[in-house]
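Given next are the chains, with one letter for each unit.
2 protein chains.
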Amino acid sequence: MQTLTVSLADRSYSIHIGSGLLARAESYAPFIAGKTVAIVTNETIAPLYLPQVKAAVLSLGKSIIEIILPDGEEHKTFTSLDKIHTAMLAAACDRKTTIIALGGGVIGDVAGFAAATYQRGVPFIQVPTTLLSQVDSSVGGKTAINHPLGKNMIGAFYQPLAVISDTDTLKTLPPREYASGLAEVVKHALIFDVDHFAELEANVDALNARDASVLTRVIAHSCKIKADVVKQDERETKDIRALLNLGHTFGHAIETEMGYGAWFHGEAVAAGTVLAAQFSRDEWGGADIDLPSIERLLTSLNLPTKAPKVAAQKLLAHMQRDKKNEDGVVTLILLKRIGEAYVDRRVPGAKLLAFLERAVA
Amino acid sequence: MQTLTVSLADRSYSIHIGSGLLARAESYAPFIAGKTVAIVTNETIAPLYLPQVKAAVLSLGKSIIEIILPDGEEHKTFTSLDKIHTAMLAAACDRKTTIIALGGGVIGDVAGFAAATYQRGVPFIQVPTTLLSQVDSSVGGKTAINHPLGKNMIGAFYQPLAVISDTDTLKTLPPREYASGLAEVVKHALIFDVDHFAELEANVDALNARDASVLTRVIAHSCKIKADVVKQDERETKDIRALLNLGHTFGHAIETEMGYGAWFHGEAVAAGTVLAAQFSRDEWGGADIDLPSIERLLTSLNLPTKAPKVAAQKLLAHMQRDKKNEDGVVTLILLKRIGEAYVDRRVPGAKLLAFLERAVA
Numbered sequence: 129m130q131t132l133t134v135s136l137a138d139r140s141y142s143i144h145i146g147s148g149l150l151a152r153a154e155s156y157a158p159f160i161a162g163k164t165v166a167i168v169t170n171e172t173i174a175p176l177y178l179p180q181v182k183a184a185v186l187s188l189g190k191s192i193i194e195i196i197l198p199d200g201e202e203h204k205t206f207t208s209l210d211k212i213h214t215a216m217l218a219a220a221c222d223r224k225t226t227i228i229a230l231g232g233g234v235i236g237d238v239a240g241f242a243a244a245t246y247q248r249g250v251p252f253i254q255v256p257t258t259l260l261s262q263v264d265s266s267v268g269g270k271t272a273i274n275h276p277l278g279k280n281m282i283g284a285f286y287q288p289l290a291v292i293s294d295t296d297t298l299k300t301l302p303p304r305e306y307a308s309g310l311a312e313v314v315k316h317a318l319i320f321d322v323d324h325f326a327e328l329e330a331n332v333d334a335l336n337a338r339d340a341s342v343l344t345r346v347i348a349h350s351c352k353i354k355a356d357v358v359k360q361d362e363r364e365t366k367d368i369r370a371l372l373n374l375g376h377t378f379g380h381a382i383e384t385e386m387g388y389g390a391w392f393h394g395e396a397v398a399a400g401t402v403l404a405a406q407f408s409r410d411e412w413g414g415a416d417i418d419l420p421s422i423e424r425l426l427t428s429l430n431l432p433t434k435a436p437k438v439a440a441q442k443l444l445a446h447m448q449r450d451k452k453n454e455d456g457v458v459t460l461i462l463l464k465r466i467g468e469a470y471v472d473r474r475v476p477g478a479k480l481l482a483f484l485e486r487a488v489a
Numbered sequence: 129m130q131t132l133t134v135s136l137a138d139r140s141y142s143i144h145i146g147s148g149l150l151a152r153a154e155s156y157a158p159f160i161a162g163k164t165v166a167i168v169t170n171e172t173i174a175p176l177y178l179p180q181v182k183a184a185v186l187s188l189g190k191s192i193i194e195i196i197l198p199d200g201e202e203h204k205t206f207t208s209l210d211k212i213h214t215a216m217l218a219a220a221c222d223r224k225t226t227i228i229a230l231g232g233g234v235i236g237d238v239a240g241f242a243a244a245t246y247q248r249g250v251p252f253i254q255v256p257t258t259l260l261s262q263v264d265s266s267v268g269g270k271t272a273i274n275h276p277l278g279k280n281m282i283g284a285f286y287q288p289l290a291v292i293s294d295t296d297t298l299k300t301l302p303p304r305e306y307a308s309g310l311a312e313v314v315k316h317a318l319i320f321d322v323d324h325f326a327e328l329e330a331n332v333d334a335l336n337a338r339d340a341s342v343l344t345r346v347i348a349h350s351c352k353i354k355a356d357v358v359k360q361d362e363r364e365t366k367d368i369r370a371l372l373n374l375g376h377t378f379g380h381a382i383e384t385e386m387g388y389g390a391w392f393h394g395e396a397v398a399a400g401t402v403l404a405a406q407f408s409r410d411e412w413g414g415a416d417i418d419l420p421s422i423e424r425l426l427t428s429l430n431l432p433t434k435a436p437k438v439a440a441q442k443l444l445a446h447m448q449r450d451k452k453n454e455d456g457v458v459t460l461i462l463l464k465r466i467g468e469a470y471v472d473r474r475v476p477g478a479k480l481l482a483f484l485e486r487a488v489a
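One line per chain: the protein sequences are A and B, in this order.
Under the working numbering, residue 489 is the last one in the first sequence; the count climbs by one each step, no gaps.
Under the working numbering, residue 489 is the last one in the second sequence; the count climbs by one each step, no gaps.
Careful: at least some of the hints might be erroneous.
One copy or two, it doesn't matter: identical chains are merged, so the pair holds either way.
[As the list claims (entries may be wrong)] SDA-like mimics (lysine to any residue), calculated; alpha carbons at most 20 Å apart, straight line:
hint : residue 1 : residue 2
1    : LYS190    : THR459
2    : LYS359    : ALA137
3    : LYS224    : ALA370
4    : LYS366    : ALA137
5    : LYS366    : ARG223
6    : LYS224    : GLY278
Source of the hints: derived by calculation from the structure; they are not laboratory data.
All values derive from a computational prediction rather than experimental measurement.
My request is simple: use the sequences and hints to build the entire structure.
Okay, structure coming up:
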């Protein structure tokens, strides 16, 4: 097991990564103060892991409320949020009730937002069961639901008491979903850590084999990178946390244009990261960027490096609606070289359009 | 004008109290960074004060979105919250958009919760237009909406950038609503400040005449008391902030039993405060409590001191469902003497029932 701390003053918490953690009562014991625990999960995860988590929590003498949501991004809605709140109110849950989020990013986001807002905030433990949520969404306290007019538009910054990342859960992930999680790992390396990039290049085979010890090390390293960023810029008010959106402005445009679900988030981020790197190198002075190495690593991890062929004008329109934008200017995260990224708010729409017309043709 | 600061590290903010503040651009100018301001108000307040606030904000070169909710506690719901979010998304509001809450406690609570959750948090200014919201709900960052299964059950702690309390708005308040606000002022004095209690006794006539200079002084003093409490216990995790609920456990039970709206909140708090004082004195060792002075002050401020005649068992049942309770034990705020309160979690239900049977008979 590896443990690291996300340092956020009175909101600091620990991330525990390793094999078999999910079924152990000791994983949860230090973080449950009240008598009741509400476990939020979905219909896919429940048969796989809910019995173990329940047994562990019951052995601590706690009573349990199960809240099982339908699976899928389309259920990251107010309806799911209200289902959690209503179940907890019906069971007379008080402010010491702990919410455990057992599942991927959708469960973490909606259960986290429920924890942030139930009686103005209750204790919360993340048990992420996908690679994407273990390296990305469980670190940093972003919670949200989607609104009919936009993804992640309603939410809160709310930190868990602990994250329990059991690498055994990754064994059952479908291949595309697993690869999609690796896209965020590569992204963290590209933004902040050339040594981590080299570590990933050296461990491609072990990663593709889902080797538990390599995964524990790589997930811990990736979380550490993100935790350092979150520590410096918890609420994304400076430009540091925004760097984590490398590939995401292009990626969200691809996801939106293709319809959610057609491309996995990580796949769109991979193709979006290549676009960001290519734009940085060819149009914005990033001569030092080793684009072939980026494309080679992504390809070897079974990720796409080419955006789908869609109208450049449509992608640009999606990018211009991004949440990071302020007062109408498109914000882009661009690369200087592998291991170093920066925020740019000066790219003219026309230049971006001309680039997209060449790049996605 | 009087100004005081609520000291909460990076969430500190200032409260400005005085005559005519609402129409002045300078009241808002330091707190609006983006280009757009969303003003949230209700159908009663809009014709009275929206034109002045709009003119002030427009003079700063900002664009304005108006969101006018129906008036009343029954609209403190998800529907109203969603109306705010949807209007802001439709207008492409970004994370620099400032929300101004113009109205009483309901508007402050729902607009504050909208600000806490729109794109994970946007800047927020409170412009409270009732005495209750000027001395109580605008201080301390509690935001919430009601849920069909309970009042204020869904919400967040979220601090405004500033509170602008214009005493001129109190001139148009209906008498019962004005008196209801004074109940919270008396409550603050009873809990923390015997000198403030004496100040209130000495200024009964001026308060009943709504004298602007006395009101400015009294509101500032009352806010100062609450701000000191919030500073020590922002998230109500210690027992300090809970003291502010003096009279509220009894009061909420009265409100619930009578049906919301039959009794004003402050009226129920006044009668609840007398019950808490009486229980403290007669049943719980508070021999020093000068109950006649408390009753005399409340009566002179046109507030009730007697609970309605309802079944004691029903009141007890409501009290046992209070949000302050943890693990099933009723939490009561009780008095030692005027100016000193404490939290008690040891009162047996049977004793409370016997007291209620005598007191509300």
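If any of the earlier hints don't hold here, list their numbers in rising order.
Violated hint (a single one): 1; every other hint is consistent with the structure.
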